[in-house]
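Those sequence lines, one after another, are chains A, B and C. To convert, note that position 194 of the first sequence is 194 in the working numbering; the numbers rise steadily by one, no gaps. To convert, note that position 13 of the second sequence is 13 in the working numbering; the numbers rise steadily by one, no gaps. To convert, note that position 178 of the third sequence is 178 in the working numbering; the numbers rise steadily by one, no gaps.
Mimicking DSSO-like on lysine-lysine, the simulated pairs with C-alpha atoms at most 30 Å apart in a straight line are:
hint, chain 1, residue 1, chain 2, residue 2
1, A, LYS108, A, LYS87
2, B, LYS60, C, LYS7
3, B, LYS60, B, LYS50
4, B, LYS50, C, LYS7
5, C, LYS60, C, LYS50
6, B, LYS60, C, LYS60
7, C, LYS50, C, LYS7
8, C, LYS60, B, LYS50
9, A, LYS62, A, LYS87
10, C, LYS60, C, LYS38
11, B, LYS7, C, LYS60
12, B, LYS7, C, LYS7
13, B, LYS38, C, LYS85
14, C, LYS50, B, LYS50
15, C, LYS7, C, LYS38
16, B, LYS7, B, LYS60
17, C, LYS60, C, LYS85
18, B, LYS38, B, LYS7
19, B, LYS7, C, LYS85
20, B, LYS7, C, LYS50
21, B, LYS38, B, LYS60
22, B, LYS60, C, LYS50
Derived by calculation from the structure, the hints in this document are not laboratory data.
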Amino acid sequence: MTDTADSDGLLEEQPGAVPSARVRGEPVQELPRDLYIPPDALEVFLEAFEGPLDLLLYLIRKQNLNILDVPIAAITRQYMEYVDLMKELRLELAAEYLVMAAVLAEIKSRTLLPRPPAQEDEEEDPRAELVRRLQEYERYKVAGEELDALPRQGRDFFPAAAEAPDVEPQRREPEVDMRELLAALADVMTRAEMFTHHHVQKEALSVRERMTETLARLDAEHFTGFAELLNAEEGRAGVVVSFLALLELIKAAMVEVVQSEPLAPIHIRARG
Amino acid sequence: MAAPPLKHIVEAALLAAGGPLSLDHLQTLFDQNNVPDKAGLRAALAELDKEYEGRGIELKALASGYQIQVRTELAPWLSRLWEEKPQRYSRALLETLAIIAYRQPVTRGEIEEIRGVSVNTNIMRTLQERGWVRSVGHRDVPGRPAMYGTTRQFLDYFNLASLDELPSLLELRDLDDIHPELDLKFPEEADASAATPDAEPRDE
Amino acid sequence: MAAPPLKHIVEAALLAAGGPLSLDHLQTLFDQNNVPDKAGLRAALAELDKEYEGRGIELKALASGYQIQVRTELAPWLSRLWEEKPQRYSRALLETLAIIAYRQPVTRGEIEEIRGVSVNTNIMRTLQERGWVRSVGHRDVPGRPAMYGTTRQFLDYFNLASLDELPSLLELRDLDDIHPELDLKFPEEADASAATPDAEPRDE
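Start from the sequences, fold in the hints, and give me the full structure.
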């Protein structure tokens, strides 16, 4: 695909040489000019773009242009025509295409604006960021194609296997790290101490009180890690009270709880 | 490209299939114009059979076709190929082991007192089967409960010359302090590094 | 019974496993008192490699170990072994996989940034179900998004021993580079490159 800088791209620009095409079974009578696309392949292509960068890259390549020398006005015009076409054909248009349209329009306006001579040296070419993104995307587009061409197990090479005689699988003993052992001991020691102190000093840890304290530690701007709210030094009873307080706060919708995916760390912030 | 020798194609097919292939099935692998006859296939199979003499593999004719098999004599070396994934020891077992290591000689009752819960019989058995813990005598109290201690294998496993080399309880304090931090690790991370060997550097 | 030659044990193990085995893994197959050292195993593997010359199979070093494979030249005869056609992967999946392979560890947001479109959840799931991609931790930014990397199975599947063997990426060039670059060229070269401006430093 990347190397399809075929010279006939420009020939298809000839007006009138565009026959009608079918898109999703519906004939398309008029195609926008300047679309360098084999019309019979329209249907395929419209669904084949992997996004705005892919489309832009296609437009650039189709005209034998260098990414580093993108004529932004021409490309923007073609891009818009494509977007309009897709809208017209009611192809589901991802929001990203519209965002890119805005970006192109912005770059175009910046290239048209006269720049004060003093700043000329310092100001970057407004296309620079787009060119960077296009190149970056192209590398991975090509890398994906090359990955596809690599020999593949089950298609190009096959692992050799022979039937094995019946054998009883052996059981392997679990591995233990010294640190695990120490962590276990530390745990049990803490717990043992907790049990012994438990009867001596019964701290009054009311849930209400802890709710207030917890709220004071949270703010609405930043998320606080769930674990940070539980202070292990307080022992089991303290942790339980903190946890109950947190549950009460959640129930009362006073805090917001976020977890990006199952098992991911939980983050909490106060509701603004 | 010249076609490879028939016996190489047959060998490759049998090894790639991993299961028995009949002569009919082998014939279907070839282009219509180049299908070897059964006599030809049999001759190729006979050649392979001869090549495998004295090797670790052999050619077997089964009901459903021919198959390349690993010889039974090699079974002892294969038994460890499919070892079950090692289980992980429970927290309860590790705590019990730690208490025995630091407080030995210690009775089961004393372990239970420290842990605050009863100690499962399986745990004591697993620790003894592993060869890390043994009974070292009996406490001279009613019921004469067994006292447990750690073994030389325990020290070997943890790469210790003697019990003195166990981290001191003072170090344990520090560990206790950092422990809440350790718990902040993400489960996937901890799992990933423990379960998938991909994370480790390759030895090649 | 005399122990069979090392190379026969190794061959039998590789064929019985039907997948790659590392030197470490091969060592675990032996009795504790009879573990061959890695040099010995490598020598045995080298012997096997030599034996397989000119045959239908070959020994390959992949990311997760050594594997006996049917030579690529024989693939045409083997493709008829299975009814199912090998799966084709979408461009979106291949591009996503390429970004993860070359940029790992990388978050989904970063993949989306490069591709300029959102990444379908199915693609990430497929890649993980195939065992090619896994979460390798979380980026330390708000939301703590998962970072992804490739696995050894990924390399195995594409017959690679390490990530270094992946084709090299296109070079990025600076906007400022265009004109000086052209100026340095001889007229013929300049013409040639003007005709095919996308002939970038790729060797195909």
